[in-house]
Amino acid sequence: EPEVTQTPSHQVTQMGQEVILRCVPISNHLYFYWYRQILGQKVEFLVSFYNNEISEKSEIFDDQFSVERPDGSNFTLKIRSTKLEDSAMYFCASSEQDQLLAFFGQGTRLTVV
Amino acid sequence: AQKVTQAQTEISVVEKEDVTLDCVYETRDTTYYLFWYKQPPSGELVFLIRRNSFDEQNEISGRYSWNFQKSTSSFNFTITASQVVDSAVYFCALSENFGNEKLTFGTGTRLTIIP
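So the sequence lines, in the order shown, correspond to chains A and B. Residues are numbered in our numbering as their position in the first sequence, beginning at 1, plus a constant of 918. Residues are numbered in our numbering as their position in the second sequence, beginning at 1, plus a constant of 13.
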């Protein structure tokens, strides 16, 4: 069964460092998403991406965040200068245009120290 | 604006008991989708069900069943004959418009099944 793959599963970074979280969506999917879950809290929408551009973003997704689909298969989330409060589980998701169901990756746990 | 409320923060039941997880939603759209996800201790999000706003039929899948009532804006989830493997955090979520829009999640209910 096809699945969304995220790497790494856990990343530790120093405050102020740039971090890139990687996702390989399901191959025929057209819509891509990033969500964040601070430990013990709910899952929050960050950004959606379609047709090589951001279609919607939340208030959380400020100038420190960016997304990219560099090579037609990967979908990345970059945080330019990490803060302690960026520590969270980050989930990538993708959906096929007509099926309307987003499949989630297993998540990347980001720890900022 | 859309909102999902899961009033039950934590529930503990003894194995084999039935348990119902509540979900109440708010939306101004007439077309929307409701979801349940399971998050086991390993952390991934496991899709359980999606229901569109035009289909109020209750659904049963093995020990799981869902009760969708538009009149009360609720989409409750029942586990029958609970098992220890059901222990997890369960999230209800809502997607407006055509379902490719963002998911708005509730705060989750942590379910603990006591052996």
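Be a bit skeptical, because a hint or two may be false.
[Unchecked claim] Just some of the chain B residues that point at chain A, by a computed CB distance under 10 Å: (1) 19; (2) 32; (3) 60; (4) 74; (5) 94.
It is worth saying that the hints were derived from the structure and are not from the lab. Computed from a predicted structure; not experimentally measured. Even glycine gets a Cβ: it sits at the ideal position worked out from N, Cα and C.
Unsatisfied constraints (hint numbers, rising): 2, 4 and 5
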